[in-house]
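Chains as they are written, first to last, in the numbering used here: chain A, 1 to 142; chain C, 1001 to 1142; chain S, 2001 to 2142; chain Y, 3001 to 3142; chain B, 4001 to 4142; chain L, 5001 to 5142.
None of these hints come from the bench; they were simulated from the model.
Every residue gets a Cβ at the ideal spot worked out from N, C-alpha and C, and that includes glycine.
Don't take each hint at face value.
Said to hold, decoys possible - Ranges of calculated distance between the beta carbons of each label pair, as one might list FRET restraints:
1) Y:ALA3131 to A:GLU63: 29 to 37 Å
2) Y:GLY3043 to B:LYS4060: 53 to 61 Å
3) B:THR4111 to A:THR141: 51 to 59 Å
4) S:GLN2092 to Y:GLN3127: 49 to 57 Å
5) Y:SER3093 to B:ASP4122: 20 to 28 Å
6) L:LEU5096 to A:GLN130: 33 to 41 Å
Stated by the list, open to error - Incomplete in silico selection of chain L near chain Y, CB under 7 Å:
7) GLU5013
8) LEU5015
9) ASN5016
10) HIS5017
11) GLY5065
Stated by the list, open to error - For lysine to aspartate or glutamate, the following EDC-like pairs were computed, each having C-alpha atoms within a straight-line distance of at most 16 Å:
12) L:LYS5002 to A:GLU99
13) C:LYS1002 to S:GLU2129
14) Y:LYS3135 to Y:GLU3099
15) B:LYS4002 to B:GLU4129
16) S:LYS2060 to Y:GLU3063
17) C:LYS1135 to C:GLU1099
18) B:LYS4060 to L:GLU5113
19) A:LYS60 to C:GLU1113
20) B:LYS4002 to Y:GLU3099
21) C:LYS1060 to A:GLU113
22) S:LYS2060 to S:GLU2013
23) L:LYS5060 to B:GLU4113
24) A:LYS2 to L:ASP5044
25) C:LYS1002 to C:ASP1122
26) S:LYS2002 to S:GLU2129
27) L:LYS5002 to L:GLU5113
28) B:LYS4002 to B:ASP4122
29) A:LYS135 to A:GLU113
30) C:LYS1108 to C:ASP1044
31) Y:LYS3002 to B:GLU4091
32) Y:LYS3060 to S:GLU2113
33) B:LYS4060 to B:GLU4095
34) S:LYS2002 to C:GLU1113
There are 6 protein chains.
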Amino acid sequence: MKTYRSTHLIKPEDLNHHQNLYAGRGIEWMVEAAFVAAALTHGDSSGLLYRNTHQFSFNKSVEPGEIVSYYSTVVRAGRTSLTVRAALIAEQSGELRAEGYVTFVTVKSHTHELVAHGLELDEAVSQEEQAWRDKAERFFTG
Amino acid sequence: MKTYRSTHLIKPEDLNHHQNLYAGRGIEWMVEAAFVAAALTHGDSSGLLYRNTHQFSFNKSVEPGEIVSYYSTVVRAGRTSLTVRAALIAEQSGELRAEGYVTFVTVKSHTHELVAHGLELDEAVSQEEQAWRDKAERFFTG
Amino acid sequence: MKTYRSTHLIKPEDLNHHQNLYAGRGIEWMVEAAFVAAALTHGDSSGLLYRNTHQFSFNKSVEPGEIVSYYSTVVRAGRTSLTVRAALIAEQSGELRAEGYVTFVTVKSHTHELVAHGLELDEAVSQEEQAWRDKAERFFTG
Amino acid sequence: MKTYRSTHLIKPEDLNHHQNLYAGRGIEWMVEAAFVAAALTHGDSSGLLYRNTHQFSFNKSVEPGEIVSYYSTVVRAGRTSLTVRAALIAEQSGELRAEGYVTFVTVKSHTHELVAHGLELDEAVSQEEQAWRDKAERFFTG
Amino acid sequence: MKTYRSTHLIKPEDLNHHQNLYAGRGIEWMVEAAFVAAALTHGDSSGLLYRNTHQFSFNKSVEPGEIVSYYSTVVRAGRTSLTVRAALIAEQSGELRAEGYVTFVTVKSHTHELVAHGLELDEAVSQEEQAWRDKAERFFTG
Amino acid sequence: MKTYRSTHLIKPEDLNHHQNLYAGRGIEWMVEAAFVAAALTHGDSSGLLYRNTHQFSFNKSVEPGEIVSYYSTVVRAGRTSLTVRAALIAEQSGELRAEGYVTFVTVKSHTHELVAHGLELDEAVSQEEQAWRDKAERFFTG
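The shape of chain A in the complex, shown without the other chains (with noise of 0.2 Å):
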């Protein structure tokens, strides 16, 4: 599926006080980013709901100065849900720092009602998809 890119400046109104990237305004930027995959894939951002997040690990920390973007791909498609993985990426080192996983359904815009988006994935292109599809599916199946 395509992947979506957000690119942030860290600056310091971003930053907790060990100054570094704040976790509550990185996991911020990472629901929009994820709703931006999810609604630019699924055609429609009016008719899709936040429902879950299932992950935001953050390996390593981020510094003021630092340009990041989080990398955002759909991995899976149940009926009514969309589930979206992004990857926090470091632009300079290319270094991964934080991972999460983030659930949207689709509904009727108005009424809230779930309705079936009719999406299927594509063929995974990497190895690295397919993996990411089958820790989505995990959170499912518990």
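Mind docking chains C, S, Y, B and L on chain A? Use the hints.
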């Protein structure tokens, strides 16, 4: 374990384009509320780092003008980690609107080297608290 | 009367150029905490309008990384007004850092016409609570 | 004394759930405007600490799209304190919407030890300015 | 034409990773200050739409704790447009730190159809004001 | 040259009083997107200072709920400067909503002394890219 409470009035700056609480804002607040519970239980806010959100699921939307609280409780104590369960409750109706689980690790404040915190959970005071602990455990044992 | 609590972690975005909690942010949070106490005591957040802050005094500065709570209690009930006392407490030391008094008026939610709220204060549970009530009274009697 | 002016356009991010200017935002701006007046009158922004808000009363609500200014004037000079009166005026109608009084103390910039500022008020240029001074005085003499 | 003034205290939330005023914040404030000048000169904030920034150049950085004002003046009146010059001045030193030119168009408030505003510039009160007008003119005649 | 992309969901906190994207927010994001393109092209975010915005013109308003991206490309390389062209595109319609040109200078990171960056533009890959370069050139040659 002691439950901490963090309260917010929902204002226009907190909304999404459906005119209810934006999930990105809701999850940012949840991370902060969970941090507060972990830090006050641990006794040291400088020796605590965010590691992972295992869940942040919305059950029902939150409207502008509503007053909501995050009720946060430590529900798992690993050797160098603390997991917090946070419930987002609408104060006037008492309804549960969202629920989350977040893990922090305990570190030396300057080097960020992992360090055992020595905390143990007390006895659960209710079946509900035990259920939260069991659920948190399953995020670690898969 | 019941005391409500609203907790914040102090982050860089909350600071002034002395690198401690900016008074403008501290007073914004105090007004929100006082509103929450008035609305939950009154039972209706849409029929309450801000009228006046009588005091918001800082005793000692608040540092980044500190966790602080506003403890807010209704301390005066006029015919169409409610006055709240809010204390800003540093959670780890227990110190009082700031103290404020705010008055709201009760109105019909669409016309904003003043309307009697019918609330009466219960008996003060401590000399401290009585002292807050006496202080609030003096803002009105001069 | 010289009056300073600080102007804002009211945008959706500044509103409460009644869709007019949120009091928390209005009072944050008032504290900043009062600080500016005190610092520019005193000549040193690093030697000035917030001490207390004596009043911030709203007379009439402010609507989105309105342009408002805070007009701030030093109205009392204690030995180590300066009190500022700030008026919130709607620019297009000229109406007074809110009014506040804030006191700052003058300190040594590193130790925060109180230090006399040596400022004296000039002669009031109007009965109005004298009335503000008299009012400020009453916050101190009770 | 009348000059309007909008003042800000530089706080940590306004900084870039070099710890001085972030250009993105500085230019956002400039656009707001220019809008205020255009709207108050025009007399109607609902019939004015942003069209273009022709310049926003920084000469020298702004430090935390500094107090700065935007001084904004209408310097060009097309048939359906108003161009504003805004200067960012550090209040304590009087230095010019940045300078900008912004054009707004006048419209019917509901349809956003262009409408002649009927305003004409008065006589320039100084060579400086004339120089701003000449400069603005060159953005249009290119 | 490589084009960088930065994506945003339009939320109520980003709106003006006409309920569409506030120009001040749009231009703040444009400056950040342009900085990201310049820094990633240059390879060093600490040696780059904002100098000037030559244009940020809105063609058509942006509505809440829309997803927009800034597409940013270095289009001019002076000896110690880089100029970026940024286009604001609505993702679902593909429409160009706004366009900007911003110049940064390259400096030694501690002294902020101008330093040659040694970058040269590659061959333009399209007539469109060449047109952006020609336009940028005209901001310098008048």
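Of all the hints given earlier, name the ones this structure violates by number, lowest first.
Per hint list: 1, 2, 11, 12, 13, 16, 20, 22, 24, 27, 29, 34 violated.
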